[in-house]
Every structure is written in C-alpha cells, then in structure tokens.
Amino acid sequence: MVLWLEWFRCVLDLRPACARGRTFLWMCLALLGLSVRAELAGVTSFVRAAGLTPEAYPKLLHLFHSPGVDVDRLSSAWVGLVRRLFTPLRVGDRVVVVADGLKVPKEGRKMPAVKKLHQESANNSKPPFISGHSCQALALLVLGPLGRVSAVPLVSRIHEGLVFSNRDQRSLLDKLVELLLPVAGWMESAVVLVADAYYASRKIAVPLLDQGHHLVTRVRSNAVACRPAPRPRRARRGRPRLYGTKLKLSALWNDRDRFHSVRSPLQEEQRVRIHYRCEDLLWRPVGRLVRFVWIDHPLRGRLLLMTTDLQLDPLQVLLLYSYRFRIEVSFKQALHTIGTYAYRFWMMAMQPRRRGAGDQYLHRTSDDYRRLVRRKLAAYHRSIQLGCIAQGLLQHLALNRRKQVWRHFRSWMRTMNPAAPPSEAVVAEALRGTLPEFLLGASDGHKLKKFLLDHADPKRRVALRLAG
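The sequence shown stops at residue 468 when you use my numbering, and every number in between is there.
Calculated from the structure, these hints are not laboratory results.
A few of these clues could be false.
As a list, the in silico SDA-like pairs of lysine to any residue whose alpha-carbon atoms are at most 25 Å apart [unchecked claim]:
1) Lys248 - Cys226
2) Lys203 - Gly244
3) Lys115 - Ala425
4) Lys203 - Asp255
5) Lys332 - Tyr198
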C-alpha cells in the first residue's frame, strides 16, 4: 500500500494542469492504467487493468480529446515535479538533457501525421521504411542513490507528417529547439544538451548559445574546421580575417604524437586505456571556437565528439556522450512496458490515406477540418505526455523506493538483483500486485480509492468486491 500512497502523492502535483477536479481524477485513472496494465491494447487495457465498468471506456477516451487537460501546463507541472523527485546529473551549474528522435509504426489510414519514414538504424530486425509517427523526445539525466545514471522522460511530440501552412519552413532541428527552450525555462537552470550527430548543426548550436546553454554531440567523419587566423603585425583596411587554415578533422587521426593515453572514464571500463586528443577550432556553422575531441577506443573504434563549452574536460565530454544511450533504454521501456506510443485514436472525418504517403498538406482544406486534425494531434500528445509521466513515476519508485518495490514484487525473474534498482517492468508488477491491498487498506475518504470503486465492476475482480 505504501507504493500507491507515494504514487498518488506525486500525481497530486499535476492537479494544476486540469481544469476541473473530476477531470484530474479521470487523468489519475489513465495514469493508473499506464502504470499497471499488462497489455498494450489502448484505452481498453486501462479498463481491464483497473477493473472498470464498460461505461468508463468512452469517458477515458474523451479525456484524451478534452481541452480540460492542457498539454503545455501538464508538461510544465511534470518538469517541475521531476526537479523535486530526482537528483539531476549536473555539469557545473547546468543540468544534462538528452534528445533523440523516435519513429513509431502506425497502420491507421485515418490517423493524422502518419507518413512514410526511413529507418536509419543498423538493426537487422527493423525494415528500412515504415509508416508511422515521427517523434522527438527530451529526457533528463538523473543520479540514483547507488550512483546509477538514468534518463527520465520529460516531453515528447510528433514533429512530422502535418503541414498546416506552406509558409512553414521549420525543420526538425527548429522544432527540437522550440521544444527544448521552454523545458529549460521550466527547469530554471542552464542546460547541456547531449545528442547524436544529426543534431550537430547551426540550427541547434546557435539558439542554445544565445540562451546560455551548451551542446555535446558527435561529429560526422567528413566534418571540417578552421584554425584561428594569425593576427597581422600591422592593421590593414577592412575586417580582420577570422578563419585560418582549413582542416579535415578526419586527417588529424594520423598525428599520433598529439594523442594522450589515459584510463577510460566509463565506470564499466576501468581496465581499458583509451587515446584522445583535444583541440579548440573555429567551426563555420556557428562562427566561433568549439572544442573537438578525438577518441580512439581499443574496442569500440574511433569517435569524434564536439562541444560548444570550451571549459569542459575532454574526458567529461566522452562521459557525457556515453550517457546518450540512456534515452535508448528509456525508449525501449516506453514502447514495450508502458505503451507510451500505443495510442489508437482514429479520425472519422479524415479521408483514408494510402500506404507510403508523405506529409499531409492542410493549407487548402477548410478551417473546420484543420480544427479536427489539431484536436486529434492534441489527443496524441496528451497520451504521449501521460505515458512519459507514468514512466517517470515508475522510475521514481525504482530509484527512491527500491527496497519497498522488491519487497512487494511477488514474482520471479532469472536476473533478479534486489541490491540494484529494479526496472519499470518490476515496479509495474509490484504496483499491480498491491492494488488490492491499497483498495482494502486505504481510508474510505481517499479520493483515488473512492473514485476507482465508484467506476469499478465488482464482478470482475475479487479484490474490488472485497474492498467495496
């Protein structure tokens, strides 16, 4: 029962995002379903997981389409709650945020924003092209009590597939910056953004630098940079030269005398020695000095990294970039355990789209049709944001209530290790098993218990019948 009391105590901080108290309670039921369901069958799985009556299905469906839950206010409240629940990983006075894209397969022909997408992954199990939603997500790196680094999802949005105006020239990079800057404001702290080579661009680096943030990313092998131009002995007419000798960064691997041999900063590689080189060069996309770090790893090969923070230690750059994989682990849990992207909302008024279609252009459609598309897109975003919140709550219980979770985990796993923080799946199983105890042991005036029992079907669950 203690896990559910802590879970509801955290959810109460999200109350300002809802227009009415009853809407907040329905949102609690949606978060409950996301936290404990054992299947990914859309809203139907919420009804089955909580033992609700069939009449609760259309009400839960209406919740995702209701303007009573403001997505931006919900995201702001969640980011503020994350700051209080977790200990962020910091670089000086900056928190570390990881960004990445995610392509979710969707088969619905009446789902807005579904388009043909190319999969860049080298995984053999993924087809090169799929139809689905293209999302971009942000996660905060946090430290657990045992020193483990995890990625807590903050926000995620669909950023491709719909064009409301032919004058909108924003790229995915522009939309990521528009997503990140409000999050940085809600965090009330400067940010170090860690991302892969796709985000090594002027469109990312310049807006971050203008707001006092920094970027750590990988650089492609064909990148070039320049040395600063030498200062002339006598002043000449015109603007002084800024860029000096142009360098192919890949060519600098051959100068082995400039490399240093040190022990790897990664915790799991204490016996591995790496070779690295660091140099501050002018990068034309941003027009200022940035720090490049060449890493030669004996097992993982060569890696070229870049950061806009000239005070950052080269080995710390490598350590920060190694944490980028934490968001990939977070995506795996979101897809297969939480079901953050398992929504199934169709738009009845939409003309069916053929498979393999590209962006859906709406600048010549009626205002009413565009309004319906925006309403459906907002429903997707509410579902995704609630999934991020549910996963973050499970991570909070895993990191900060580790012993209680293992004590209430009444199942078995071959790889069980009660000394380590449990996974989201273990926490979900512990919550699933203690839900009857919460309904039996909580006070009769508890809002979540009362609301759940009012909409529960006692015939479907013995524990609910006993609690009723």
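Against the structure, the hints:
| no. | hint | in the structure |
| --- | --- | --- |
| 1 | Lys248 - Cys226 | holds (9 Å) |
| 2 | Lys203 - Gly244 | holds (24 Å) |
| 3 | Lys115 - Ala425 | violated (31 Å) |
| 4 | Lys203 - Asp255 | violated (32 Å) |
| 5 | Lys332 - Tyr198 | holds (21 Å) |
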